[in-house]
Amino acid sequence: DTGVSQNPRHKITKRGQNVTFRCDPISEHNRLYWYRQTLGQGPEFLTYFQNEAQLEKSRLLSDRFSAERPKGSFSTLEIQRTEQGDSAMYLCASSSRARGGGEAFFGQGTRLTVV
Amino acid sequence: AQSVTQLDSHVSVSEGTPVLLRCNYSSSYSPSLFWYVQHPNKGLQLLLKYTSAATLVKGINGFEAEFKKSETSFHLTKPSAHMSDAAEYFCVVNPGTYKYIFGTGTRLKVLA
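One line per chain: the protein sequences are X and G, in this order.
FYI, in the numbering used here the residues of the first sequence are 323 to 437.
FYI, in the numbering used here the residues of the second sequence are 1255 to 1366.
Okay, chain X solo, but in the shape it has when bound (with noise of 0.2 angstroms):
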């Protein structure tokens, strides 16, 4: 396993940009989640993906935010019209009920600042 992969790293973006993070799961992962982290807090549930299919979406995750797995493997999440308030760490995790006994294993996360 090399592990759960998220790019880029770092984005700085200004007010109203649109932008886009990447996350590659373990491959034989078939569930992927994506976080949301703000500091001093723990992370907060965005939505889930079961292969291609987005079975569930975290009322945090206002119509600005979409995600996308296609065909079940990388994920993307793309943020329309960013605003200040969606500064934070936004961490991709993937699991697979079939090994490893049920945890997540986390990416190191992309850091968003708006400014």
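Calculated directly from the structure, the hints in this document are not laboratory data.
Check before you lean on any hint, since a few could be wrong.
[As the list claims (entries may be wrong)] Quick list of the computed label-pair ranges, beta carbon to beta carbon:
no.	chain 1	residue 1	chain 2	residue 2	range
1	X	Ile334	G	Thr1326	37 to 47 angstroms
2	G	Ala1308	X	Gln402	23 to 33 angstroms
3	X	Lys336	G	Ser1282	37 to 47 angstroms
The C-beta atom is built at its ideal place from N, Cα and C for all residues, glycine as well.
Chain G: place on chain X using the hints.
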């Protein structure tokens, strides 16, 4: 509703002394429970997990945790703290679904 409460936002210990990080959970189902550690500018790393086998779980770096159903607790302990243990620790519950629910974290400081 499922939730996790980490009872201390900050814990300070001296190097070589025991560590206790407290976690209580609420779950309608038989949960899986995890502790993750996050070092500055690093990703979340799994320390240990409880998945309905032995109630005393041993993890990496000398950490262990005990699942106590009657107290709905899953406290993390280590007999002797090391400077490298300084980090943020998260207690996480998976209530039998796909979702992982995080506590707000405990920042561990280790004093020389």
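Against the structure, the hints:
1. X:Ile334 to G:Thr1326: 37 to 47 angstroms: holds (42 angstroms)
2. G:Ala1308 to X:Gln402: 23 to 33 angstroms: violated (48 angstroms)
3. X:Lys336 to G:Ser1282: 37 to 47 angstroms: holds (45 angstroms)
Checked against the numbered hints above, the structure breaks only hint 2 and satisfies the rest.
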